[in-house]
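Trainee: Heads up, the sequence shown is in the numbering used here, so the first residue is 1 and it goes up one at a time.
Honestly, the hints are just simulated from the structure, not real lab data.
Even for Gly, the Cβ is constructed at its ideal location relative to N, Cα and C.
It cannot be assumed that every hint is accurate.
[Stated by the list, open to error] The calculated label-pair distances, taken between Cβ atoms and stated as ranges, are: (1) E95 - I193: 30 to 40 Å; (2) A63 - M211: 47 to 57 Å; (3) E89 - I226: 52 to 62 Å; (4) A106 - G67: 39 to 49 Å; (5) K142 - K117: 37 to 47 Å; (6) E82 - I226: 45 to 55 Å; (7) H146 - Y108: 30 to 40 Å; (8) I227 - Y182: 16 to 26 Å; (9) E80 - K124: 20 to 30 Å; (10) E82 - I178: 55 to 65 Å.
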Amino acid sequence: MEEKTQNQEEHFQSSDIVRDFVIGMSDGLTVPFALAAGLSGAVDSNAIIITAGLAEIAAGSIAMGLGGYLAGRTEIEHYETEEKREYDEIENLHEVEIAETKEIFAEYGLDESTQEKIAREMAKHPKKWVDFMMRFELGLDKPEKHRAHQSALVIGLSYVLGGIVPLTAYFFTDSPQIGLIYSSIITIISLIIFGLIKSKFTGQPLFKGAMRVAIVGIAAAGAAFIIAKLIS
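Kindly produce the complete structure, drawing on both the sequences and the hints.
Mentor: Structure follows, in structure tokens:
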């Protein structure tokens with residue numbers, strides 16, 4: 001039983017990591033690519049594009065990481081607040097909580113006497129009772145202790161990893177126009193590969209998921225390029 005629980009916890013943790021990686025990587029591939037494409041239509045120096053791109057990646061990774069941290073902390077604080085309220089209710093509104101517990105079991109087709117018996121037995125173990133109510137009444141799973149820090153790190157690093165991809169072409173080309181061509185090829189291939197991996201993990205159709213990610217990236221870069229051209 002202990003081994004099963006441990007495996008389950010590892011499964012949920014890895015799911016959170018995958019989700020954070022997807023968030024960081026998708027924005028990392030898209031935003032710097034759009035910025036580089038836009039600048040390619042407005043400037044004549046690869047150095048400017050690289051400098052602006054690296055600055056954006058630094059700022060973007062920090063902002064995304066901070067967003068992930070705050071989201072993680074909010075999730076933890078919300079759980080702790082609701083957990084405290086549940087402990088207060090089982091102590092001061094004991095019979096009300098018994099009735100709510102019975103209602104949950106009633107939804108699973110248990111008869112009245114069985115509901116009463118299980119609810120009264122569960123009430124003898126306050127912690128397990130609160131854990132049960134948090135999960136089945138409120139639909140909340142207890143967040144992992146270091147979730148906020150982990151989320152910030154994974155999102156920030158994956159944003160950097162994704163953001164470097166569209167900039168690589170500008171390091172070995174002589175002009176923004178040529179750099180944009182190679183950057184587009186590299187980034188579109190990366191978006192398709194990322195879309196396939198994302199779809200695999202999320203259970204979506206592979207082709208549909210890959211095309212969706214690629215189209216979003218191409219549309220963002222195209223819009224930035226056109227706007228920069230019109231302004232310049």
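Trainee: Each hint should be assessed against the structure and marked as holding or not.
Mentor: How the hints compare with the structure:
1. For the hinted restraint 30 to 40 Å between E95 and I193, the CB-CB distance of approximately 58 Å leaves it violated.
2. Between A63 and M211 the C-beta distance comes to about 28 Å, which lies outside the given range of 47 to 57 Å.
3. The hint said 52 to 62 Å for the Cβ distance between E89 and I226, and at roughly 57 Å that hint holds.
4. The hinted window of 39 to 49 Å between A106 and G67 holds, with their beta carbons roughly 41 Å apart.
5. K142 and K117 have their C-beta atoms about 27 Å apart, which leaves the hinted 37 to 47 Å range violated.
6. Hint check: E82 to I226, Cβ distance near 48 Å, so the stated range 45 to 55 Å holds.
7. The hinted window of 30 to 40 Å between H146 and Y108 holds, with their beta carbons roughly 34 Å apart.
8. Taken as a hint, the range 16 to 26 Å holds for the pair I227 and Y182, whose Cβ atoms sit roughly 22 Å apart.
9. A C-beta distance of roughly 24 Å is found between E80 and K124, which places it inside the suggested range of 20 to 30 Å.
10. The hinted range of 55 to 65 Å is satisfied by E82 and I178, whose Cβ atoms lie roughly 56 Å apart.
Comparing the model with each earlier hint shows violations of hints 1, 2 and 5; every other hint is respected.
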